[in-house]
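Top to bottom, those sequences are chains A and B.
Take the first sequence: its letters are residues 43 to 263, numbered as in our numbering.
Take the second sequence: its letters are residues 43 to 263, numbered as in our numbering.
Among the clues, some could well be false.
The list makes no distinction among identical chains, and a pair is therefore deemed to hold if it is satisfied within one copy or across any two copies.
[To be verified] Calculated lysine-lysine pairs in the DSBU-like style (CA-CA distance at most 35 Å, straight line):
{"id": "1", "residue 1": "K232", "residue 2": "K196"}
{"id": "2", "residue 1": "K225", "residue 2": "K95"}
{"id": "3", "residue 1": "K95", "residue 2": "K232"}
{"id": "4", "residue 1": "K225", "residue 2": "K193"}
Just so you know, these hints were derived from the structure itself, not from any lab.
Protein chains: 2
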Amino acid sequence: MPIDIVVMKAVNAENDARAREVRTQLTERGILGLNFMSSPGSGKTSLLEETIKRLTGELRFAVIEGDVFTAMDAERIARHGVEVIQLNTEGSCHLTAHMILEVLPRLNLDGIDILAIENIGNLICPTSYDLGEHRRVACLSTAEGEDKVDKYPKLFSISDINLLTKADLAPHVNFDLDRVAAKLAALNTKAPVITTSVNTGEGLDAWSDWLRQGCREAAAR
Amino acid sequence: MPIDIVVMKAVNAENDARAREVRTQLTERGILGLNFMSSPGSGKTSLLEETIKRLTGELRFAVIEGDVFTAMDAERIARHGVEVIQLNTEGSCHLTAHMILEVLPRLNLDGIDILAIENIGNLICPTSYDLGEHRRVACLSTAEGEDKVDKYPKLFSISDINLLTKADLAPHVNFDLDRVAAKLAALNTKAPVITTSVNTGEGLDAWSDWLRQGCREAAAR
Numbered sequence: 043m044p045i046d047i048v049v050m051k052a053v054n055a056e057n058d059a060r061a062r063e064v065r066t067q068l069t070e071r072g073i074l075g076l077n078f079m080s081s082p083g084s085g086k087t088s089l090l091e092e093t094i095k096r097l098t099g100e101l102r103f104a105v106i107e108g109d110v111f112t113a114m115d116a117e118r119i120a121r122h123g124v125e126v127i128q129l130n131t132e133g134s135c136h137l138t139a140h141m142i143l144e145v146l147p148r149l150n151l152d153g154i155d156i157l158a159i160e161n162i163g164n165l166i167c168p169t170s171y172d173l174g175e176h177r178r179v180a181c182l183s184t185a186e187g188e189d190k191v192d193k194y195p196k197l198f199s200i201s202d203i204n205l206l207t208k209a210d211l212a213p214h215v216n217f218d219l220d221r222v223a224a225k226l227a228a229l230n231t232k233a234p235v236i237t238t239s240v241n242t243g244e245g246l247d248a249w250s251d252w253l254r255q256g257c258r259e260a261a262a263r
Numbered sequence: 043m044p045i046d047i048v049v050m051k052a053v054n055a056e057n058d059a060r061a062r063e064v065r066t067q068l069t070e071r072g073i074l075g076l077n078f079m080s081s082p083g084s085g086k087t088s089l090l091e092e093t094i095k096r097l098t099g100e101l102r103f104a105v106i107e108g109d110v111f112t113a114m115d116a117e118r119i120a121r122h123g124v125e126v127i128q129l130n131t132e133g134s135c136h137l138t139a140h141m142i143l144e145v146l147p148r149l150n151l152d153g154i155d156i157l158a159i160e161n162i163g164n165l166i167c168p169t170s171y172d173l174g175e176h177r178r179v180a181c182l183s184t185a186e187g188e189d190k191v192d193k194y195p196k197l198f199s200i201s202d203i204n205l206l207t208k209a210d211l212a213p214h215v216n217f218d219l220d221r222v223a224a225k226l227a228a229l230n231t232k233a234p235v236i237t238t239s240v241n242t243g244e245g246l247d248a249w250s251d252w253l254r255q256g257c258r259e260a261a262a263r
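Work out the full structure, taking the sequences as your base and the hints as a guide.
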């Protein structure tokens with residue numbers, strides 16, 4: 043599938059109004075909008091690839107890949123036959139609703155169940171910009187260290203689900219999955235915590251169920 | 043050692059002028075100023091701790107720990123009996139020279155050889171702010187993935203040394219150390235690349251030698 047690359051600079055003005063426009067468009071079509079946020083290298087793209095593979099024939103995905111430069115992630119997603127746009131910010135460290143609103147008409151959303159937006163790898167600024175999603179997905183890889191929950195509490199507080207990724211690495215990096223899961227659950231009592239690994243498949247059934255439930259709610263709106 | 047916590051917001055105006063002031067102060071004292079930049083969780087603080095331990099009695103460090111919130115990293119550094127200040131940005135995703143200039147008088151720099159500034163974990167915005175350092179140290183952990191050099195070329199282009207960290211994890215995360223080292227060397231021909239691990243000690247002799255050489259140059263200015 044060809045990659046559509048759009049270059050955009052951050053425009054903060056009226057972000058919330060634009061986010062509402064995005065959300066309305068998705069809601070009217072019964073699409074579940076997801077905003078994936080994490081550090082660089084926490085495994086967002088790998089998780090998305092594995093999720094798309096697992097749910098092929100059941101849920102249809104469209105993807106907006108945010109990155110500072112390059113179309114590497116969109117190329118990875120496109121290999122799975124999914125509608126995808128690469129959105130390059132050329133220096134900006136987060137996506138804005140303005141950017142999403144601009145690229146949305148370029149995606150063929152007919153029959154799509156989930157629009158997954160992969161934000162720029164950054165634990166700070168993306169938390170301040172509503173993109174028009176219905177749910178925020180925060181990822182934390184075991185390799186980043188247990189202290190990240192305390193050091194970046196906002197991301198894990200405003201999220202609708204907290205995913206611990208790269209669980210298979212935990213024994214090599216002295217990361218206590220149970221302790222961090224408990225900390226996340228205490229910090230954000232409304233968001234489920236799922237421990238995942240795309241290498242072992244751990245947690246991917248629970249994650250898929252969460253997506254199915256979100257899609258049922260989106261379809262019923 | 044007590045932790046000095048300072049809260050500051052980013053002020054972009056006149057950053058370069060303030061950076062020159064910081065650099066002048068350090069140069070006049072014969073201190074080598076280092077600006078450590080990387081993703082969150084790449085192991086900057088662990089590297090700094092291990093470096094301080096190894097060079098005890100030989101080189102004297104002072105440290106400015108940048109973080110969005112918490113004094114966790116400064117507490118780790120303070121355990122080594124080193125002069126340290128925690129600089130909290132409360133939301134800003136990078137440090138500025140203004141912040142460094144403000145906190146510098148709070149540090150006792152008598153007899154100090156190296157001022158290590160640990161920037162906010164972020165691969166994007168810190169690259170646009172000169173802090174008054176003499177050398178920029180970029181770190182990339184193997185757990186973040188090989189694609190980060192292509193996705194965030196600016197950081198690894200403007201750095202004076204590129205450190206591959208967590209080398210001991212490479213076999214578990216399918217990271218080809220030689221390939222990435224060659225890519226970094228091609229991207230930035232003036233910066234040495236050192237593969238390191240604080241767990242195995244790999245590369246720490248070469249890294250210590252680079253610091254010693256920098257200190258000799260700083261003392262000779």
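Now the hints, each set against the structure:
1. K232 - K196: within (14 Å within a copy, 38 Å between copies)
2. K225 - K95: For K225 and K95, the Cα distance is within 35 Å both inside one copy (31 Å) and across copies (31 Å).
3. K95 - K232: within (28 Å within a copy, 43 Å between copies)
4. K225 - K193: both (12 Å within a copy, 32 Å between copies)
In this structure, none of the earlier numbered hints is contradicted; all agree with it.
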